[in-house]
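Hey, can you work out the whole structure from these sequences and the hints?
Letter by letter, the chains look like this.
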Amino acid sequence: MDYLVTIAVLIAIYTILASSYNLVIGYGGLSTVAHPIFFAIGAYTTGLLAVHVPFIPPVGNVVLGMAAAVVASVLLAGSALRVSGDYLLIASLGFQLGLLQLLKNLEFTGGPGGLSAIPSTIVGPMRGPLFLAICGAAALACVFAVRTIVNGPYGRAISAMRDEELAFTALGRNAMSMKIAIFAIGCGMAGGAGGLYAYYFQYLSPDQFDVLASAAILTMVVLGGMGTAFGPVVGAILLLAIPQAITFLQLPPAIMAPTQGIIFTVLVLLFLYLRPSGILGGKA
Amino acid sequence: MFEPVILLQILWTGIATSAPFVLLTVGFSLTLKVTGLWNFAQSGQMAIAFYAMFFALHGLGLPLVAALALGGVLTCGAAWLIEVYGLQVFRDRGSDNLMFFIFTLILSEFIIYVITLIFGTEPETLYESILSPVDIVGGIAISDWDKTGVALAAFALAALYGFMRYTKEGQFLAAVSDNAKLAELYGISAQRAYRVTAVISGLFIVAAMYLIGSHGGVVPNSPLELVLSAVIGTLLGGIGRVFAAAWASIFLALIQSFSILFIGSRWQNLLLYGFLFATILLFPRGVRLSWGRR
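Residue numbers (this note's numbering), protein chains in the order written: chain G, 1 to 284; chain R, 1 to 294.
Keep in mind that the hints were calculated from the coordinates and are not lab data.
Just so you know, not all the hints are guaranteed correct.
The calculated lysine to any residue pairs, modelled on SDA-like cross-linking and capped at a C-alpha distance of 20 Å, are [said to hold, decoys possible]:
(1) G:104 - R:274
(2) R:181 - R:269
(3) R:181 - R:169
(4) G:104 - R:269
(5) G:104 - R:224
(6) G:104 - R:265
(7) G:104 - R:256
(8) R:33 - R:17
Pair ranges (Cβ atoms, derived) [unchecked claim]:
(9) G:59 - R:199: 52 to 62 Å
(10) G:144 - R:171: 35 to 45 Å
(11) G:154 - R:264: 43 to 53 Å
(12) G:53 - R:135: 54 to 64 Å
(13) G:53 - R:264: 26 to 36 Å
Being a predicted model, the structure only gives us computed values, none of them experimental.
C-beta: ideal position from N, C-alpha, C; glycine also.
Right, here's the structure in full:
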């Protein structure tokens, strides 16, 4: 039962990540792959505050984690959004891997061994279900917040900026500030997801936030349907749940982990060939 | 610490260490030049190249030449298959670059997971010992591996230059990289050019992985880091400038080598990613050295 709850919590957290990433890449058209590093910034900020500043309440720590992710995203956006397309993709990769190197080498973050002993905010037999309720509510809030943003007048402006930036600028709108705002909102949500992750799992390792995490979140968005409100939810559920099916075979870890990876990647490759627009997406 | 002999030693070691990275970068840069794609599937091909040679040497007990041949056949074969049944399919559909990025990255991950399942995650080397005999020349230690690396990289670059400059096939690659549609109007097959490029890159990857695998341990995940160094070299050299990318790789290796005089070795990767970030922001078209015109 605990295992299933943990999977459900992971799905909720990844739903936040995928939905917020969808806002950045799907609606905003900003091709970055650095989303996991904002997840990491939120997680590490929350984890470090929980360990070293015990008087701040958990909600405050998560909010501060979000704020740290927003600040970092504005710093990246201010410089990197001057370039676009492939260049932005690679620049964001450099930013992500550089910060990961910092996390791996700084002593106060736990170095390559990771940050452990993050205190649990909820104890007892209801810990799992309560966390699931909190993470599920946060995921729902995130999905509907993204939906509300993109369906309103601001969303139409975002679409116009993405599709015709030159015309958008010619109409007197500031594309750069809009890009930074979208980026900051998306990354702030990712930071919040990181805070929830830190409190639930009580352990953070830098390797969780590497380029493979980027590929995983990107895949959830694309497979679910980029630029659709509920596509990332479907992507997160599908790509996290299906590889877990073989857990019940109780294979040795040396076989289990790569086999789950193979199932995950084969699923993605199949979808890329058979339904490139995603499950909920329109015609490719 | 700053004695000439020490500085010369660091210079030589930096140049020699850059050899496999030069080969990887040239393969990556050539692919980007001709196909216009950031082909991250090359990290999967790197894994195939190394583990094919490793299996041939240790599993089958074959001699080095046969191991290299097996590595070459499997890596170039994989590159060709990826081009024909993967990239071309997405090209025909008119997929955007993000789709290519996801496809190549996920395909690499798939290959790496399969290799992890077969070979495990322990570091492996091509030879029992990674120590190679050393000669002292003018106070500088030069190992056999250094000589092999530098000679192999120099030969591969010269061969590629000759191929691009003096053969029709090479000139077709240049034509397709300049304008694929126009090249096709003149009867040059872009698809053929893409496939030839895939095979050439495969050969560069095999040579690089031989050098890397005979100098240190390789784990299935190593190629993901290796391909990033190729990306940085490609960007620094400038997109479409294959031989400048090779120089950029040497420059990066030298920076990393000399950085040990000032910073700990654990920060060297940070230096590399800092270069990647700064290069894109400051020199998105690569660093161009101009000598002026007479």
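Hints versus structure:
| no. | hint | verdict |
| --- | --- | --- |
| 1 | G:104 - R:274 | holds (15 Å) |
| 2 | R:181 - R:269 | violated (40 Å) |
| 3 | R:181 - R:169 | holds (17 Å) |
| 4 | G:104 - R:269 | holds (11 Å) |
| 5 | G:104 - R:224 | holds (17 Å) |
| 6 | G:104 - R:265 | holds (13 Å) |
| 7 | G:104 - R:256 | holds (18 Å) |
| 8 | R:33 - R:17 | violated (25 Å) |
| 9 | G:59 - R:199: 52 to 62 Å | holds (58 Å) |
| 10 | G:144 - R:171: 35 to 45 Å | violated (57 Å) |
| 11 | G:154 - R:264: 43 to 53 Å | holds (47 Å) |
| 12 | G:53 - R:135: 54 to 64 Å | holds (58 Å) |
| 13 | G:53 - R:264: 26 to 36 Å | holds (29 Å) |
Hints 2, 8 and 10 from the earlier list are contradicted by this structure; the remaining hints agree with it.
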